[in-house]
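Modelling step: build the complete structure from the supplied sequences, incorporating the hints.
Protein sequence lines correspond, in order, to chains Y and D.
Read in my numbering, the first sequence has 272 at position 272, and its numbers run on one by one without any break.
Read in my numbering, the second sequence has 1096 at position 96, and its numbers run on one by one without any break.
FYI, nobody ran anything at the bench for these hints, they're computed from the structure.
Please read these numbers as outputs of a predicted model, since none were measured by experiment.
When the alpha-carbon atoms are kept at most 20 Å apart in a straight line, the in silico EDC-like pairs for lysine to aspartate or glutamate are as follows:
(1) D:K1063 / D:E1047
(2) D:K1028 / D:D1064
(3) D:K1048 / Y:D274
(4) D:K1048 / Y:E267
(5) D:K1083 / Y:E269
(6) D:K1083 / Y:E215
(7) D:K1083 / Y:D168
(8) D:K1083 / Y:D179
(9) D:K1137 / Y:E165
(10) D:K1048 / Y:D280
(11) Y:K218 / Y:D255
(12) D:K1083 / Y:E183
(13) D:K1137 / Y:D168
(14) D:K1048 / Y:E269
(15) D:K1048 / Y:D270
(16) D:K1083 / Y:D255
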Amino acid sequence: MHAHIQQRIQGIINNLDQLPSIPDVASKVLTMVNDPDVAFKAIADEISKDQAITTNILKLCNSAYFSKGKEISSIDRAIVTLGIKEVKDIVVVAATREILNKIIVGYDLARGELWKHGIAVAVLSKRIAVLKNQKAIADIAFTGGIIHDVGKTVLALFVQNTFREILDLAQSRQIQFSDAEKEIMGFDHQEIGEKILTKWKFPEVLKSIVRYHHEPQKAPAEYLPIVSIVHIANTLCLMAGVGIGADGLYHELSDAAIKTLGLTNREMEDLYGDMPRVLDQASGIL
Amino acid sequence: MGASSSPGILRTILGSCVGICVYDRMKKVGGMAHILLPNNPGDGNPEKYADSAIPLLISRLMKDGAKKEFLSAKLAGGASMFKFNASVTLGQIGERNIEESKKILEKNGIPVLEQDTGGSTGRVIDFFLEDGRMKVKAGGQEKLFYKV
Ligand SMILES: [Fe+2]
Ligand SMILES: [Fe+2]
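This is the structure in structure tokens:
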């Protein structure tokens, strides 16, 4: 363990200013959507206050992935046509693109790779949720998929100098990469991600997805299914090479996640084999 | 995947998938297949499976003027998750992809001259069509494979 690195990371966490920011509208919308007393009109007004993000949101509403055919030209129409859950997902896509769509040096991800990875994991998570009768949480799985690796954006700087040590430790001790991150730097990218979501005032379920996506068996019982969905989607995307970085496949495929969702070998292979189509769909959002 | 003549570089990123770089050393034409799974169930997209993608690549190269006797192959990819339960068949998919790719190449009389496969590492492959060399970037390090 490098005490000075741990201290520097602790310093970043303590000083919220040093963690990445996203437009306020994202957390407001996430909270409002969960409140049955808030009218759709109020949510639409809240979004429309932010002109820049509204433009991006409307573009996404009319993209191949989200569009229902009819041209959408206002947030009100978007909520009526696509539904509030879909619009909430689109708000998160628009709000997080800037911080995720960049080079992630220490993990050796070229510009756009982490963004593409998050979107692919989001699309696949939604698909798994629908396949395994979890349609009610498909939208949350999508949101969680986008941001699950957000901690990498902060930790990358430190991984750059310790990568060899982390990998050597993972190999010699037969532990997964995120566990080795924690041993060497005092923190792993899941924990940093959770801190970032706390700063953003995101709900507990999303924090759990980010915090446990490499160890779903440790998630609170109520969130086990949704964390398992994102865990499986992440695994399949990495196996297909989508957003695979220097940490490669030095991760664990959780048996608990497979059992929780009741995924058969056949279903796992079919989902993996369908990755080219997932990527096609994801490219409509990039 | 695709077959094209030099100059040009074909790039792909691999996890458990296998990249099969085939090159004609005389004609200097080459192409790459990027397969996800070993066997086509019959109605699948032929480019995704070793047993259909490799014959397809070979016939495309021959259309481009390649001769079978001058073709050779290099393989990369086929990594596995670091840890998984042995009963999960997808866990062995990397190994099965490598095995099937070699089998199909052998069936077609194409020798595998070099390979960088297995383990748990991700790989970025560049296949240079001017001379058939393959560059593999894995875990921050680069390796070059020249044999054609
Ligand atoms: Fe991760
Ligand atoms: Fe990931």
